[in-house]
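Protein chains: 4
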Amino acid sequence: MKTMVREILKIDAEASILIEGLPGLGMVGKIAVKYLIKQLKAKKFAELYSPHFPYHVLVNKEGRIRLLRGELYYWSENGKSLILLTGDSQAQTIEGQYEMANCILEFAEKHGVKTIITIGGYKSDNEKGKVVCASTNRKLLEKALNAGAIESPAGNPIVGMAGLLLGLSKLKGMEGLCLLGETKGYMPDPKAAKKVLEVLTKLLDLNVNLSDLDREIKRIEKIKAEMRKVRAESVISREEIREERKITYIS
Amino acid sequence: MKTMVREILKIDAEASILIEGLPGLGMVGKIAVKYLIKQLKAKKFAELYSPHFPYHVLVNKEGRIRLLRGELYYWSENGKSLILLTGDSQAQTIEGQYEMANCILEFAEKHGVKTIITIGGYKSDNEKGKVVCASTNRKLLEKALNAGAIESPAGNPIVGMAGLLLGLSKLKGMEGLCLLGETKGYMPDPKAAKKVLEVLTKLLDLNVNLSDLDREIKRIEKIKAEMRKVRAESVISREEIREERKITYIS
Amino acid sequence: MKTMVREILKIDAEASILIEGLPGLGMVGKIAVKYLIKQLKAKKFAELYSPHFPYHVLVNKEGRIRLLRGELYYWSENGKSLILLTGDSQAQTIEGQYEMANCILEFAEKHGVKTIITIGGYKSDNEKGKVVCASTNRKLLEKALNAGAIESPAGNPIVGMAGLLLGLSKLKGMEGLCLLGETKGYMPDPKAAKKVLEVLTKLLDLNVNLSDLDREIKRIEKIKAEMRKVRAESVISREEIREERKITYIS
Amino acid sequence: MKTMVREILKIDAEASILIEGLPGLGMVGKIAVKYLIKQLKAKKFAELYSPHFPYHVLVNKEGRIRLLRGELYYWSENGKSLILLTGDSQAQTIEGQYEMANCILEFAEKHGVKTIITIGGYKSDNEKGKVVCASTNRKLLEKALNAGAIESPAGNPIVGMAGLLLGLSKLKGMEGLCLLGETKGYMPDPKAAKKVLEVLTKLLDLNVNLSDLDREIKRIEKIKAEMRKVRAESVISREEIREERKITYIS
Numbered sequence: 003m004k005t006m007v008r009e010i011l012k013i014d015a016e017a018s019i020l021i022e023g024l025p026g027l028g029m030v031g032k033i034a035v036k037y038l039i040k041q042l043k044a045k046k047f048a049e050l051y052s053p054h055f056p057y058h059v060l061v062n063k064e065g066r067i068r069l070l071r072g073e074l075y076y077w078s079e080n081g082k083s084l085i086l087l088t089g090d091s092q093a094q095t096i097e098g099q100y101e102m103a104n105c106i107l108e109f110a111e112k113h114g115v116k117t118i119i120t121i122g123g124y125k126s127d128n129e130k131g132k133v134v135c136a137s138t139n140r141k142l143l144e145k146a147l148n149a150g151a152i153e154s155p156a157g158n159p160i161v162g163m164a165g166l167l168l169g170l171s172k173l174k175g176m177e178g179l180c181l182l183g184e185t186k187g188y189m190p191d192p193k194a195a196k197k198v199l200e201v202l203t204k205l206l207d208l209n210v211n212l213s214d215l216d217r218e219i220k221r222i223e224k225i226k227a228e229m230r231k232v233r234a235e236s237v238i239s240r241e242e243i244r245e246e247r248k249i250t251y252i253s
Numbered sequence: 003m004k005t006m007v008r009e010i011l012k013i014d015a016e017a018s019i020l021i022e023g024l025p026g027l028g029m030v031g032k033i034a035v036k037y038l039i040k041q042l043k044a045k046k047f048a049e050l051y052s053p054h055f056p057y058h059v060l061v062n063k064e065g066r067i068r069l070l071r072g073e074l075y076y077w078s079e080n081g082k083s084l085i086l087l088t089g090d091s092q093a094q095t096i097e098g099q100y101e102m103a104n105c106i107l108e109f110a111e112k113h114g115v116k117t118i119i120t121i122g123g124y125k126s127d128n129e130k131g132k133v134v135c136a137s138t139n140r141k142l143l144e145k146a147l148n149a150g151a152i153e154s155p156a157g158n159p160i161v162g163m164a165g166l167l168l169g170l171s172k173l174k175g176m177e178g179l180c181l182l183g184e185t186k187g188y189m190p191d192p193k194a195a196k197k198v199l200e201v202l203t204k205l206l207d208l209n210v211n212l213s214d215l216d217r218e219i220k221r222i223e224k225i226k227a228e229m230r231k232v233r234a235e236s237v238i239s240r241e242e243i244r245e246e247r248k249i250t251y252i253s
Numbered sequence: 003m004k005t006m007v008r009e010i011l012k013i014d015a016e017a018s019i020l021i022e023g024l025p026g027l028g029m030v031g032k033i034a035v036k037y038l039i040k041q042l043k044a045k046k047f048a049e050l051y052s053p054h055f056p057y058h059v060l061v062n063k064e065g066r067i068r069l070l071r072g073e074l075y076y077w078s079e080n081g082k083s084l085i086l087l088t089g090d091s092q093a094q095t096i097e098g099q100y101e102m103a104n105c106i107l108e109f110a111e112k113h114g115v116k117t118i119i120t121i122g123g124y125k126s127d128n129e130k131g132k133v134v135c136a137s138t139n140r141k142l143l144e145k146a147l148n149a150g151a152i153e154s155p156a157g158n159p160i161v162g163m164a165g166l167l168l169g170l171s172k173l174k175g176m177e178g179l180c181l182l183g184e185t186k187g188y189m190p191d192p193k194a195a196k197k198v199l200e201v202l203t204k205l206l207d208l209n210v211n212l213s214d215l216d217r218e219i220k221r222i223e224k225i226k227a228e229m230r231k232v233r234a235e236s237v238i239s240r241e242e243i244r245e246e247r248k249i250t251y252i253s
Numbered sequence: 003m004k005t006m007v008r009e010i011l012k013i014d015a016e017a018s019i020l021i022e023g024l025p026g027l028g029m030v031g032k033i034a035v036k037y038l039i040k041q042l043k044a045k046k047f048a049e050l051y052s053p054h055f056p057y058h059v060l061v062n063k064e065g066r067i068r069l070l071r072g073e074l075y076y077w078s079e080n081g082k083s084l085i086l087l088t089g090d091s092q093a094q095t096i097e098g099q100y101e102m103a104n105c106i107l108e109f110a111e112k113h114g115v116k117t118i119i120t121i122g123g124y125k126s127d128n129e130k131g132k133v134v135c136a137s138t139n140r141k142l143l144e145k146a147l148n149a150g151a152i153e154s155p156a157g158n159p160i161v162g163m164a165g166l167l168l169g170l171s172k173l174k175g176m177e178g179l180c181l182l183g184e185t186k187g188y189m190p191d192p193k194a195a196k197k198v199l200e201v202l203t204k205l206l207d208l209n210v211n212l213s214d215l216d217r218e219i220k221r222i223e224k225i226k227a228e229m230r231k232v233r234a235e236s237v238i239s240r241e242e243i244r245e246e247r248k249i250t251y252i253s
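Residue numbers (the working numbering), protein chains in the order written: chain A, 3 to 253; chain B, 3 to 253; chain C, 3 to 253; chain D, 3 to 253.
Simulated from the structure, these hints should not be mistaken for lab results. Careful, some of the hints might be misleading.
Just so you know, same-sequence chains aren't split out, so a pair can sit in one copy or run between any two.
List time: in silico DSS-like cross-link candidates among lysine-lysine, alpha-carbon distance up to 27 Å [stated by the list, open to error]:
1. Lys174 <-> Lys46
2. Lys186 <-> Lys63
3. Lys4 <-> Lys43
4. Lys204 <-> Lys40
5. Lys116 <-> Lys63
6. Lys63 <-> Lys130
7. Lys112 <-> Lys4
8. Lys45 <-> Lys12
9. Lys63 <-> Lys172
10. Lys141 <-> Lys220
11. Lys116 <-> Lys4
Just so we're clear, the structure is a prediction, and the values are computed from it rather than from any experiment.
Work out the full structure: start from the sequences and follow the hints.
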């Protein structure tokens, strides 16, 4: 078995841009692309399967089983068209990462794609909402800078599909851009995803309302506040335990 | 070398259902399928070999060597027929898991199989004998619910062959059902296997006497009781050692 | 690159038996087969290369570099003939182990081999010089028992090439025997190798003088004695250090 | 995807010698070959891509993304010609190492290469600037000895591409030489690289000025001195912390 894409809808999907957002740091890419899919009402037209995904299946709310997979959506309106890629997981081995990236690029090529945009998180301890960008192509990079992104520091390695898709795109004569939202990364970060989408929608001149993300941002803020509270309490109780121990020890 | 199935008996095995039970949590699947094979007097007709099994061989009571393998049995009576799969091990790598699942499904397809039923364990600290089910197909799921299973919680990942066979079966136009017996999982659990078989035999309207499993259940209960005793004693002796050490230290 | 055998000598090597001894527990197999090669003055006629060996090369006494490899020797006298296999290493991955075993068996088949004999170590804390055997074939096993081996306990897994070659030989219509010398295994064990060779030469009615192994046995005994001495001293010095520390602590 | 070399310049590169220096111990090989490339003004004519490199991409100073890769340079002057290979990384798996080495050798063969020279580091605690050599070929080895190298100790394993390229070159009818600069290995070591280049330029009668390396050597010496200072300070501060703790403990 090899990584493969199965078209589930016979539509004539032609798009010059593919946007990727798979799980990664802070889930920034996945949150952003899923939000785009929902807001644009993009249509799922293909699924990607791979022997490099983890070897388990998922059960949904109705007890239905399914393989881990990538999902490809298509959207077209007023002469604009996009292919959007998200999914459950990244490939689990080095060779699997390269194979999957190649498989996606071959599919993209078949559908007329000329530009790959990948979205991910950029690890940072101060969350100032920056969006970092890098590209295979200086002109494309400048468009992203004009849309509000800042240049990635040199030497910054872009790990996984968000990086490989771009690196390999050059070998296929495509161009690529990466948008990374600044994130602490330890929790899903819809705030960083929103920042990336602000840049992306400006860059592509997409008319997408981003305010629905605010609810998700609030939900995560609340969870984080609760976690901080629990941690503070556990510090206190640990200190109490230590106090008790000291006493025991002294006695 | 690739994973392969070798037919060792030239019989015209046609069955619409394949039941899988390989080693896993609490050995629930393997115990259940081996018991079915014995009670139904199913005939071994094929063996599965794979370079993804662990790289050692087994020696039996007569000093005979054999490779690790999967075993496929066939049973047919009164218009009913089954293929039953058990074996020594699961594949040891991600790619191996996918390759093996695909190999089994291709073999099943060749023999007319339309439905895959996989059996495994469901990790739980309270052993109330529940049987959890999930399916690729709502209708099949409801049959399992009617036979006494309960629905799997959403998000529960089904790991290994019990999951992959079902996930991949959909891509081949088959349908699949998973029955997972609640188990603590750290020891072979014939009790959980019996619970699964109660559901399965009702579901398939199989006439199988399950009382022979009770002996095995008692044997395991006895071992567990002995282990608890040994553990209790070792706690005591560890405390004694600590006491002695204290004394040494003080002197 | 795949595992491959390169014939370096164009001889008409036909032999019904192949004897394998690669590095493993106590180096029993390698020591035994290398000794046989030397005593029988067998001729190297082929080398095995594999991308599953460790990824380094060796430098010999003359500064000469070579790949890790397996070596195949041929011996023929008075109507008897043998192929002997030894080498630098075992394959480093599961799939590599299966691939290498298959490659060796295909080569053996081409040269008329009907029986594979593998030699290895059997982990044991009391070194009573037992030779444990197992086989794909009861008749062959009995020959080994008659030659002084004892039956392997059931369930004993035979790990690596010594096991896989035999397990896979059955699929190719060959038969196989494994001779395992009892060894603690943490050091090269020529004593265990000698015991295995006593059984093997009797079994195959080979006229091989085993007394040259005694020098090697003495050399290892001496090293072991020195190691025990060093260990004893280090225990003493560790105790002295502890004493000193106590004093420091008290002061 | 397989490891592959893409020619980016259509030149008629024919050279009898390929010199390899990929990242490794003390970066000796990479520093040496990059220095040669710069001084000789060699021209990049091909790039090597592989699914066995780490799965990330690099970003350069201008925000440009690129895959990890190997780079092949060509130099020719006064009847002498060389192919020089350096790159970002070694292959990350055993099979990947063998595949990449084979891919490089096939490319070399196509361009008329008869001799492979690999450069690396030789782990040693005293840095006396020795250059250790080993070869597939006694005659070639002696040339290196005459040029100032000393013979590698027997049994010394040469790990990674520097070793495999040579071991595999023999199977392709080429000859190979390895030059290893003595290094502690924990930091880039331009001093060791310079020592290797002294041997290499003498051996190949290359006219290369090595004095530009001295700046790099000084830079690294300075960093090392700073690191020693930081370490010394941190030892002091750790002792202070311990002192404080003692006090706390006593109180």
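For each hint, the structure was consulted:
| no. | hint | in the structure |
| --- | --- | --- |
| 1 | Lys174 <-> Lys46 | both (25 Å within a copy, 20 Å between copies) |
| 2 | Lys186 <-> Lys63 | between (31 Å within a copy, 24 Å between copies) |
| 3 | Lys4 <-> Lys43 | neither (30 Å within a copy, 38 Å between copies) |
| 4 | Lys204 <-> Lys40 | within (18 Å within a copy, 43 Å between copies) |
| 5 | Lys116 <-> Lys63 | between (38 Å within a copy, 24 Å between copies) |
| 6 | Lys63 <-> Lys130 | between (37 Å within a copy, 22 Å between copies) |
| 7 | Lys112 <-> Lys4 | both (18 Å within a copy, 21 Å between copies) |
| 8 | Lys45 <-> Lys12 | within (11 Å within a copy, 45 Å between copies) |
| 9 | Lys63 <-> Lys172 | between (41 Å within a copy, 18 Å between copies) |
| 10 | Lys141 <-> Lys220 | neither (36 Å within a copy, 39 Å between copies) |
| 11 | Lys116 <-> Lys4 | both (25 Å within a copy, 24 Å between copies) |
Checked against the numbered hints above, the structure violates hints 3 and 10; every other hint is satisfied.
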